[in-house]
Each structure stands twice: as C-alpha cells, then as structure tokens.
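Same order as they appear, the protein sequences are chains E and A. The first sequence runs 1 to 419 under the working numbering. The second sequence runs 1001 to 1336 under the working numbering.
Each hint should be verified, as a subset may be incorrect.
[Unchecked claim] With beta-carbon atoms standing in for the labels, derived distance ranges: (1) Thr183/E with Val1247/A: 11 to 21 Å; (2) Leu1080/A with Asn222/E: 55 to 65 Å; (3) Leu26/E with Val1153/A: 18 to 28 Å; (4) Asn285/E with Val1247/A: 32 to 42 Å; (5) Ser1144/A with Ala115/E: 15 to 25 Å; (6) Asn285/E with Gln1142/A: 51 to 61 Å; (7) Thr1191/A with Lys218/E: 53 to 63 Å.
[Unchecked claim] Some chain E residues judged to face chain A by a derived CB distance under 8 Å, without partners named: (8) Arg181; (9) Pro182; (10) Gln185; (11) Ala193; (12) Leu195; (13) Pro197; (14) Glu211; (15) Thr216; (16) Glu219; (17) Tyr241.
Don't read these hints as lab results, they were simulated from the structure. Yeah, the Cβ is synthetic: ideal placement off N, Cα and C, and Gly gets one too.
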Amino acid sequence: MFDASQQRKLVSVRGLKMYFPIYTGLLRRHTGDVKAVDGVSFDIYEGETLGLVGESGCGKSTCGRAVLRLYEPTEGSIIIDGKELAWDNIEARRISDQADRIGRWATWAAFLLGAALVIWLGATEMLTGAWPIVIAVLAVLVATYLVSRLSRSVIYRLRGASEGVSVDEFAPDDRALRRIRPTMQMVFQDPQASLNPRMTVADIIGEPLSEHSNKTGKERLNRIYELMDEVGLNRDFANRYPHEFSGGQRQRIGIARALALNPKFIVCDEPIAALDVSIQAQVVNLLEDLQTELGLTYLFISHDLSMVRHIADRVAVMYLGKIVELAPRDGLYEDPHHPYTKALLSAVPEPDPVSHDEANRVILQGDVPSPSNPPKGCNFCTRCPSVMDICHQIDPEFREVSAGRFVACHLFNDTQTAG
Amino acid sequence: MLTFTLRRLLLAIPTLLFISLIIFLILDLAPSDPTASLPLTIPPEVRAEIRASLGLDEPMVVRFALWLQQFFINEPLNLLEQWTGLSFGDGDRTRVISWQTRSPVVDIIAQRMPQTLWVVGTSYVVGILIAVPIGVISAYRQYSWFDQIGTFVSMLGFSVPTFFTGVLFIVIFSVQLGWFPSVYDTTHVVTDWASFVVQLKQIIMPVMVLGLYNASQISRFMRASMLDNLNQDYVRTARAKGMTERVVVLIHVLRNSMIPVVTVIALGVPQVFGGAIITEQVFKVNGLGQLLIVAIQSGDIPTVQTLTFIFAVLIVLFNLIADVLYGVLDPRIRYD
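Isolated chain E, as found in the complex:
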C-alpha cells in the first residue's frame, strides 16, 4: 500500500508553536499566552492524507491554519513544496522583527521630514503657486511609499549579510506569501459562513483565478464550469448566491474554490463536521476521488475517528496543543500506543449493541487543562490512567518507537531503554 520512504515530503513542519497572547490589567500587559499549538512536528508525503484528530479545543484547527500561514506562527519551521513559510532560523526572525520596527519608524520619519520640508518651503515662500505645492506634496507621499516598500528588503540584505543569514531564510512577506497561496488551499468547516454572502458562486470560484492567473473572461468562465463539473455542481447554478444552496452543495462550492488554482496541498478543516450524516459520505468520497484524480495531498482535520479511518493514510492525535501519537492508520487503530489514543479510540461508538455494551471503555477523569496554563511535565499527566512519577516532571519527547510510529510518552521511553 502506502510506502512512506519512497515518497517525497511535500509538507514538513518542525516545532510549530502558535501562541495567542493574553493581555490583562489596567495597562494591558502581556501576562501569558494561550498555547494553542505547542511544538508540533510532522511530515506529509506527496499524495497521502494525514488525519489530524483530537477533542474540541486541542488546537487542530489552529494547527491547520498556522500551517497555511493564515496565522503568524510564534515559532517553528513550515516547509511546503520546498519553500520555507515560517522561521527555520531564529536569527532571521529576530532580524525580521527589527526590520519591521525600523521600517515603520523610517516610514514615519520620511513622511514627517517631507511634510516639515514642504511646510518650511511654503512658509519661506520658496514654494509658491498651486502646481509646485501639489507636486511637492505628491513627492512626499511617493517617497513615503517607497521607503515603506523598500526598507524591509534593504534591512534584510544588510543585516542578513552581516549576521550570515541568507535572504531565502526569511519567511515570505505578505506579497510573497500571496504568490505561494495557489499551491496550498483550505476547505473550511462551516460552509455557510466561509462563503461571502454577497458573491455569486461564479465570483467565489473565479476570484482567485483573476487574482493569480491572467485568464481572459471566457477562459475564466470555462475554468469555473470545469470546476463545478468536477465537484458535481450544476453549471446553471453559477449565478446563484451561497444561501440558495444546501449544506452539502455549499461545501462543494468551497471545494471547487479551493481547487481553482490547482493546489498541491489542501488542509481540510473539519469539512464534514457541519454536514448531515447522509451528506458527509458524499463529500468525503468527492475528496477521495479528487485526490486520486488530481494527486492532491490532504491534511484532514476531524474529530470523527471513523471518518478519519476511512480517508487517512496516517493519523496524528493531538492533545492540548501537542501531537501525542503519529502512526500509519491501521497500526494506530489496531494497536494504539499512547494512553490518550487508547481512550479516544475506545470512545468510538460501536454499531453492534452486544459489543457496544461489552466494550471495555477507558473513561478519562477530569477536564482538559487550560492551554494557557498547561501542567508541568507531560500535558496528559493530569488525566492519564497509567501516569508515573516521571510524567509530572519531564515532558516526554516525541520519538519514533518503531518504523513510522511516533509517540510522546514515557511508557515507551522505558520499553526502549529496557529492551
């Protein structure tokens, strides 16, 4: 079946952290962070589907969005299709923050200096008449714009050269990021809210085409029809608005929109969570068909374990901002290693009433700790059924325990050292 070693890594995430700052008190001081994603590492090979599961609020969606740089990640490296999207090099990040600050000051300085100059020239009557004044004001504005545009890259070059950081190691700025966007797309959870209510289907699907390609109107329309055929939408619906569709149809629009620019990598952020069960299978099958047809790579985020078992090649389990286990699908479902994975899998409903009643379920006690104040040591130590002393002291390392199976748990560190 799926052989990881033969495949090219399309996505490679290392130590990704996404913290949301908390400001409290009278002076809105930075007093802490919500550690939504706290040091996550995984690879996705070309053409595979990586399932990302976990309970609500464990950071799955945040992780998916951060990978696509819909957020500015706090730390970590994200490489998609050979391009670094975040900060592999800490030094580069420091320089970039500096450059932002200097750039902002330089822009203000240029503007204020220019304005002062124009006022001084006007006051001393060296600048008279309407046209010279208009030209001078325009010149100040143009200069300000140029400074704001160029200051960053100039600082990158100068500071980078002195610190030994090459220009490629800087994360792409907004412009560069937009040019990379076509390779990576996202299918969103809520198909109602994620479509602009004032745009027709053709506008929604066609907007990225007009932004990122120079197709003529005719070619654009053909491509829109092609995409609608591909996801099974009637072409006659092109001029309708999103609210006129059912949930399943809306999600098809969302998928067609994501496919518009021939992406290689698609993050599916709980694409079926908001749909009826009868529609879920349709949408998942559509995603699978598109994968075989177009050779897509998916990061499939879901809390529906049976659906993930159906679609994913490998599965990563997240708990409180960290990946606790990452393994090939069959291995994970048959022999879960991490205690949290075991508990999660034992919660899957069983259709057979006899085995449902007899099932030996692992019931976790207590609540998930706050991501702004995770426990010391292992994140799961407060609820783990097989907790040990060391779990309260040291955060277990995320390591490969057997071929392709990664676990972050002290239970497996012991077996390794013992065996």
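Given the coordinates of chain E, assemble chain A onto it according to the supplied hints.
Chain A only, in chain E's frame:
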C-alpha cells in the same frame, strides 16, 4: 420587489392620514393662540373676530377636513397646473395659507428648501465621507491609537450638543481668529471664484458643526458593522485565496458592512430635509428648521401642520427606501 414597494406605498396612505390627524389634534389641543403676539390694547371682541377670520371658530372636524382638501387636492392641482400649463376647473381654490405672512405655505417651503438642502445636505454628505473611512480604519486597527482617538472624538461629537459646538466655533473662528463669518447669508449668489470662496467660508462652520455630529454617529455604525464582518469566516477564505489585504477589506468586508450602514444613512435623510433646527438658529440660516420654529412661536398652525406632515411623509418614504435598499444590497433578503 415591485409588488412589495407598491404594497408598502398603499399601506402608507392610511398611515399618513392617521399621522396627519394626530398632528392636527396635538396642535389643536396645544394652548397656542395666533393672536397672542398682537398688542394688548386690542379688545377681546376684535381678537375673536380675527380668530374667526382665520377660521378658528369652525368645529375641529371642519377645519381638519378643510386642511385635508387644501393639502391633498388643491395644492397638488396647483402644482400640476404650474408644471403642465393646463388648467383644471376654474382655478379658484383655497390654498394652505400661513397665518403670519398670509402667503401660501407651500410657496414659503419652496423658498426655504434650497438653504436647508445646501447647508444640512452638504453637512450630511461631508459627515458620511468622513465617517466611512474612519469607521473602516478604526475597525481594521481595533484598539490602536487611531481607533482610540476616533472613539474619543466621536464620543465628543455625539454627546456635545450642536448649540455648544456651534457657539464654540463662532467664538474661535469668527470672534478670535476672524476667519469665517458667524452669519450665513442666504442672499449670497455664487457667480465667480471670489464669490465661491465667500460661499465656502460662510458654509464651512455650519457644515462642520453638523458634519461632526453626523460623522460621529455614522462612524460608530461603520466600525461596529466592520468588526462584525472582519471576524467572519469568509474573510479568512478571502485571505486563503491569496487576495491582497486591500481587496479583502474593501471588497469583501466593506461591501458586506455597508448593508446596515446604508440603511442607517437612508433613514437619516429625512433629518436633512427637516433641517437642523438648532444649528440653523445658531448660524442664522433661514431654512426649514428656522421656519418651523418661528411658526411654532407665533402659533401659525397651518405652517406647523404642513411642515410636520411633510417630514412625516419623508420619514415614511425613506423607511421604505431603506427596506428596498436592504433587499437590493443583500441577496439573502427577498421580498417576494
């Protein structure tokens, strides 16, 4: 949409008739006397005769019916005759006559309308032009220093009454600095550049006083509406599509945010016609607001009745326009 509009227009007729009755009853019950401002030496029986000559001795029902006939039949026919040059009937129709000036109320309103539309209308447009960008930037950079200052200024504009800001502006810019005249001269005619500058100078203070008030109101709406939309999922979709921030904010977010703001703006238009009574007084603009207040002071019931009723018509009309606009702008709303 058309049937909806027609249905609403038909429904507006009984509404407006009822409003006119209410206005009439309130004015009738009010203890105002058109002869009160006459010299005290006039004997009571002469006063009674004056009142009788104004038609005040008739029963209330007759007076109301007469006003209805004058306003809804005679005045429109007169207007039609003026516009088309045709004549209907013998042309001998009584019009709604002002008790102060003895001239038809509709003619006075036609005289006063341009001043009000110029001053108050310009201030409304200026207010919108200031408010929309401020609201957009405030929402986009929420809690930034720009937003904080914007919030503070709009709170000021909202809470400080125009009779204070108006007088303050006059004290600063007319008395202290002497930049602008404190009185708006409605007889001024713009013929060339120099007279245009004069017009600009005299209009700038009333426009800024009213514009500040309008802008602070609308910019709050704009900001709130933008904030609602900025957190929507479709904005993230637009970013994921790789749209520039400008497109995301100005096309996706602003267009959706304008829906409620446009209706608020439409609902505010009757106020423009109503004139800003206080501001017109402060800057001596003899517009509709000033006409209304003088009419109230001298117990000129026909003028007050007619003006108030026209404002009511405008309010009903612009409510309808706001509803129709909502349907036009938001594809989710259908009236069929």
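Consistency of the hints with the structure:
no. : hint                                : result
1   : Thr183/E with Val1247/A: 11 to 21 Å : 20 Å, holds
2   : Leu1080/A with Asn222/E: 55 to 65 Å : 56 Å, holds
3   : Leu26/E with Val1153/A: 18 to 28 Å  : 23 Å, holds
4   : Asn285/E with Val1247/A: 32 to 42 Å : 34 Å, holds
5   : Ser1144/A with Ala115/E: 15 to 25 Å : 21 Å, holds
6   : Asn285/E with Gln1142/A: 51 to 61 Å : 42 Å, violated
7   : Thr1191/A with Lys218/E: 53 to 63 Å : 54 Å, holds
8   : Arg181                              : 3 Å, holds
9   : Pro182                              : 7 Å, holds
10  : Gln185                              : 7 Å, holds
11  : Ala193                              : 4 Å, holds
12  : Leu195                              : 6 Å, holds
13  : Pro197                              : 6 Å, holds
14  : Glu211                              : 6 Å, holds
15  : Thr216                              : 20 Å, violated
16  : Glu219                              : 18 Å, violated
17  : Tyr241                              : 4 Å, holds
Consistency with the previously given hints fails for numbers 6, 15 and 16, ordered from lowest to highest.
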